[in-house]
Amino acid sequence: MEEAVSLRACMAAHLPAAAFAVCVMRCVQAELIRFDPKAAVHVDRGDGYVHLYGEAQGTAFSLLLTDSEADEWKADGPYALDRYIWTELGKKGIFPMQMTPYLQAVWLTES
Numbered sequence: 200m201e202e203a204v205s206l207r208a209c210m211a212a213h214l215p216a217a218a219f220a221v222c223v224m225r226c227v228q229a230e231l232i233r234f235d236p237k238a239a240v241h242v243d244r245g246d247g248y249v250h251l252y253g254e255a256q257g258t259a260f261s262l263l264l265t266d267s268e269a270d271e272w273k274a275d276g277p278y279a280l281d282r283y284i285w286t287e288l289g290k291k292g293i294f295p296m297q298m299t300p301y302l303q304a305v306w307l308t309e310s
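In the working numbering, the protein residues as written are 200 to 310.
Please keep in mind that the hints were generated in silico from the structure rather than gathered at the bench. There could be a bad hint or two in this list.
Across the chosen pairs, the derived CB separations fall in these ranges [said to hold, decoys possible]:
no.: 1; residue 1: 257; residue 2: 299; range: 28 to 36 Å
no.: 2; residue 1: 236; residue 2: 265; range: 27 to 35 Å
no.: 3; residue 1: 222; residue 2: 246; range: 16 to 24 Å
no.: 4; residue 1: 306; residue 2: 262; range: 16 to 24 Å
no.: 5; residue 1: 213; residue 2: 282; range: 30 to 38 Å
no.: 6; residue 1: 237; residue 2: 209; range: 30 to 38 Å
no.: 7; residue 1: 233; residue 2: 287; range: 16 to 24 Å
no.: 8; residue 1: 246; residue 2: 297; range: 35 to 43 Å
no.: 9; residue 1: 257; residue 2: 309; range: 27 to 35 Å
no.: 10; residue 1: 241; residue 2: 296; range: 16 to 24 Å
no.: 11; residue 1: 222; residue 2: 261; range: 13 to 21 Å
no.: 12; residue 1: 259; residue 2: 213; range: 33 to 41 Å
C-beta atoms are modelled at their ideal positions from N, C-alpha and C, and glycine is treated no differently.
Let the hints inform the model, and build the full structure from the sequences given.
This is the structure we're talking about:
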């Protein structure tokens, strides 16, 4: 797990905010599909924004981040954006079904 944390810290330090946000959203996308194979989760990147949206666990969701918001989350730590996204999904009733190594890193790694 330390290697994954180091890699994520390197990504947070060196990737542009939008590229980092897409990477984070794809991690969230993969977990949502792992927990709910019927989920339809999409990540779109436009001019100045990144959008995570779809349906998982029977609930529709949409999370839009501007590049500047993504940059702020990136500056807060390698897993701060992940925690924000999972918290927002939780507010909609979408929760992880089990603690995976990725989710352990998200919730147990200090920013």
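Results for each hint:
| no. | hint | result |
| --- | --- | --- |
| 1 | 257 - 299: 28 to 36 Å | violated (21 Å) |
| 2 | 236 - 265: 27 to 35 Å | holds (31 Å) |
| 3 | 222 - 246: 16 to 24 Å | holds (19 Å) |
| 4 | 306 - 262: 16 to 24 Å | holds (18 Å) |
| 5 | 213 - 282: 30 to 38 Å | violated (21 Å) |
| 6 | 237 - 209: 30 to 38 Å | holds (34 Å) |
| 7 | 233 - 287: 16 to 24 Å | holds (19 Å) |
| 8 | 246 - 297: 35 to 43 Å | holds (37 Å) |
| 9 | 257 - 309: 27 to 35 Å | holds (33 Å) |
| 10 | 241 - 296: 16 to 24 Å | holds (20 Å) |
| 11 | 222 - 261: 13 to 21 Å | holds (19 Å) |
| 12 | 259 - 213: 33 to 41 Å | holds (34 Å) |
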